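Undergrad: Okay, here's what each chain looks like letter by letter:
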Amino acid sequence: MAERVGFFTDTTVCIGCKACEVACKEWNDVPDDGFVFRATSYDNTGALGASTWRHVAFVEQDGRWLMSSDVCKHCTHAACLDVCPTGALFRTEFDTVVVQPDVCNGCGYCVPACPYGVIDRRQDDGRAWKCTLCYDRLRGGMEPACAKACPTKSIQFGPLDELRQRAEERVERLHAEGTTEARLYGADPDNGVGGTGAFFLLLDEPETYGLPPDPVVTTRDLPAMWRWAGGAALALAAGVAVSFLRRA
Amino acid sequence: MGGGWLSRWPVIRQLRGEDGRGRAARSARTDALRPRVEEAETVARSVCPYCAVGCGQLVYVKDGKVTQIEGDPASPISRGRLCPKGSASKQLVTHPGRQTTVLYRRPYGTEWEPLDLETAMDMIADRVVRTRRETWQQTHEGQEVRRTLGIASLGGATLDNEENYLMKKLYTALGAIQVENQARI
Amino acid sequence: MAECHPVGYQWVMEARERGAKVFHVDPRFSRTSATVDRYLPIRAGTDIVLLGALINYVLANGLDFREYVLAYTNAATLVNRDFRDTEDLDGLFSGYDEETGRYDPSSWAYEGDVPEEEEPVEGGARHAEAAGSDSYGARGAGASATPPQDPTLTDPRCVYQIVKRHYARYTPEMVEELCGIPPEGFHELAEAITANSGRERTTAWVYSVGWTQHSVGVQYIRAAAILQLLLGNMGRPGGGIMALRGHASIQGSTDIPTLFNLLPGYIAMPHAHRHGGLDDYLEREGADTGWWGNRRAYVVSLLKAWWGDAATEANDYCFGYLPRLTGDHGHYASVMGQIDGTVKGYFVVGENPAVGSANGKAQRLGLANLDWLVVRDLVLVETATFWKDAPEIETGELQTEEIGTEVFFMPAASHVEKEGTFTNTQRLLQWREKALDPPGDCRSDLWFYHHLGKRIRQRLGDDDIDRPVMELTWDYPEIGAQRDPDAAAVLREINGSAADGRLLASLRELKPDGSTSCGCWIYCGVYADGVNMAARRTPHTEQGPAALEWGWAWPANRRILYNRASADPQGRPWSERKKYVYWDGTKWTGPDVPDFEEDKAPDYVPPEGAKAEHALAGTDPFIMQSDGRGWLYVPSGLSDGPLPTHYEPHESPVRNALYGQQANPARRTIDRPENPYNPALSPRFPYVYTTSRLTEHHTTGAMSRPLPYLAELQPEAFCEMSREMAGELGLDNGDWATIVTARTAIELRVLVTGRVRPLRLNGKVVHQIVMPYHWGYSSGGLITGDIVNDLPSIVLDPNVYIQESKAGTCDVLPGRRPRGPALLDLTERYRHG
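Protein chains in written order, with the numbering used here: chain A, 532 to 779; chain B, 10 to 194; chain C, 814 to 1646.
These aren't lab readings, by the way, just hints derived from the structure by calculation. Since the model is a prediction, treat every value here as computed from it, not as a measurement.
Which residues of chain B face chain A? A few of them, derived with a C-beta cut under 8 Å, are:
| no. | residue |
| --- | --- |
| 1 | Thr39 |
| 2 | Pro93 |
| 3 | Lys99 |
Idealized CB from N, CA, C, for every residue including glycine.
Bound-form chain A, shown alone (with noise of 0.2 Å):
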């Protein structure tokens, strides 16, 4: 197993220009997810789903106008990859959550259980979609594109260890220049979803970012949920077999 890696996203020095969310898209073939005029400040694509798989909030407040871009945190303890019957989401070499959207079958189980509303089912095939940290460009040693990207490097990527230490010592700063909100989200290890994998500095607190304050992975009783999940993916198995076979 390779070396643990994420996302750190330093909302104080994004600038909001929505890079990352098109970035992940040139490099995802994530489609386009409609063109609606939202008038929620420079938001247009209004929440993280099957087709946005980078979202920027913008948030204005007196005086002060945060942005921060939200992605799929990633968790330790990752429900979605949990209730999956199928297989589809796995955990990668790198400790990452990926949906194989060659093995999904679109059952959505993962959908309700994913405590921050990041996986979503894309409405023409059916199928479950999210940030795959750039899977296939970390296996050939390169960073993810919405990080690449970042102009400002308010999105960083690296071993989750050396982020975690640079997001601390970022904190101790921002505290001693006087930013004292500065708080890091997601961060900790003993967290209701076990640490993520993508964690956030913020300033506000997370419910003003749209962000839950206290997400709690929703398959605690891991073993029983499998073990219910597994029959489920045998009867599966058995139908799309045969529909392969047709194919064939």
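Based on these hints, arrange chains B and C on the given structure of chain A.
TA: Quick look at chains B and C alone, frame taken from chain A:
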């Protein structure tokens, strides 16, 4: 297929008791995943066409198609980074809304018509020569001016220096002085 | 900057992390405002008040960098006795002619400069020809490199005292009254920039079209130049004034201009009434001292590049082949020519005036009155499709079946489908490699003009008027199945060569005798020794911070202009901290290429009668100026005065509190039915508008709206307004609003935001709205919207003929605009109501 695709199918492997949350769940496609830029036949070193910062771009081409455009980490200007427009450069050059054939609208016409490129070039040359001759000014208010006010040009500022150079050179020789650019605007 | 140049902004963010303090002055609270130390909202069109007050703050408190100012600027130079300032004439300078609306600048000259003889030029009066060459530092032939000075800076006629008097009434109170910036904000800015300037520190200013698109735009930049010179921030690392250009090669488009008034390298196009033959032209177009003193070499080398062997000393090197100007032949003048029917044929190349130029209706009426139109672009832009979907079709002003314009749409190659150079906003030329052939009929503009030129030549004969075309050097090698002309061959022609064909290495090799050719003298050296310097790509990790081996910057690969000023008069670094280019005892050295003769010692004193660069002393860093000095005061070359002066925008809701003169007296208006103006101070148009851009889009949208990944990020045209203004109008966030000017009315969605705040000016509340202008009616059709640039009028800066689209007045109505002819009724009511 060796053990057969069925035996490699993640659900089957999980049911056999392999670790459903680790390597066992991987499909053959997943095992084969690599960054597609590794398959590029050529990589051109380019420059972003949007604003004037001049970010370096790497353009990956395979089978005569652009497969990826991303930042050039070697650039002292951009260090590999791109904004949303720069990041959308592949879509800029490959999107289906791009017009790739010559179109012609005849005077008073209500629709576009197709036109052969060579024919269009000849027709445009004819019009330049005719308009130039019909509107030629040898003198103006008693001074020699050797020009035409019948032809004007407005260029964008995403034109290359070499292109601007040929434009200015040709227009000036033709006596066309109303040669303008986005730089004025 | 964060909004429109995000990747460039990484350096600002990094500087902030290292302790730099960043201010943002803008009518609009943008992404930039969100990420700086202090945002100062300002009423659009009042920046000279703010900059003037900063100048006043520096001078009144003795905070100028005196050693720098004395040695490197014209602060001590004495000005003509006849000069009268706006302080004396209530907003006018001496030399103004009410009838023509033009200045005679002769009284602005330095003492001792000989005024030119009377010239019957445009407007009848002798005045600096607007949009002339950029050899503004010239002062005309015969000017001395050492005009009379008062080094004590006490003579009331010295530049220092004139500048001090001129800005004395630009006070923090005036800033509050006109700009809407409270005194504490002003003082924070003033204290920061003065504390951060001097030997040890430097301050930089960055601007974009928010400073240029005004009827007094050139003077905005001049005001910043005065401030930076007073603080010693020019020619030094971390200093300067950065023009952030919005297009990939907008810098290149002025260097190698497709501009009516310029030839390559900022050489003036000859003027019928000003210039006779080559000698006469050279005599009048510039001074003999400073580097422009070599202009014969630049001009003759250009003529040799264009006409080759046909250009001989005997025929003035074909100088007579150059067509002559007689006034303004700029973009907006051409549009009026289209409406009047004098312009018959129009090439629009990678441009979209139907959406991008001020008063879009005038643009489209012009297009509809052409004989033929050629549009080259990646998508079917509005300029190509106006004949079937322009707003004037809906209102009935135009009918498709009655538009006689013949339209050719020629699909263009993208940036990856051709090779060539862009010049970025730092004067850096970067060569792009070609990745693949363009699809279908798509071709580069290089291909188009090369093959068009060949076809035109086939159609011309030996008539006298055809000779300039037939004798033109036009034999570029063709490459590949598509017969693309070799862009490198064109760049080599631009670089220039000696008579034996050897490529020149430096502009210093250019000769006035016809033995060298060079297509653009400032680009000479880009192909030195046969190496395409613009294609160099040594990674930044393998070279110093100046990155001299990445691309090539004009001139001579110098990265900071006038960098001799980074050392003191004796040639020593001003400080160890700000060490850059310095004299090491035998030569100038440092991490950059010195913008100075490498072996000219700091103690060099020019001999009597010296010419060109030899006339400048070893302490004169501003080598393009005829006196080698940075000009606080501009004695010649500008159309609207030697010093920046606040004038209200042509359309303004308030009086000019500084002078009786309301707007720039020399501004150019176009008084025609197609271009009606909102009256100044009109209660019918109570709101101030400014136009803007968004990160997610590019100019008129042709390179962003057809792209789903960008279109989804900002899908609809909108305006931003304060909660207070929305409340007054009964508008909720997301509603529709109709914006009205005398030109037309458009509809936009409303983004109600606390980021836009009402300004309090002298007790009066003024509301501003901000409108990104990226939408139009076609361009790929993915997302469309009304055209914001249909709102501004055509009123122009008198120096460069740029339109005032960044500050105007309007009315705002709740709800969507009327459709069809009812739209015309609405604007008619506003014009006459």
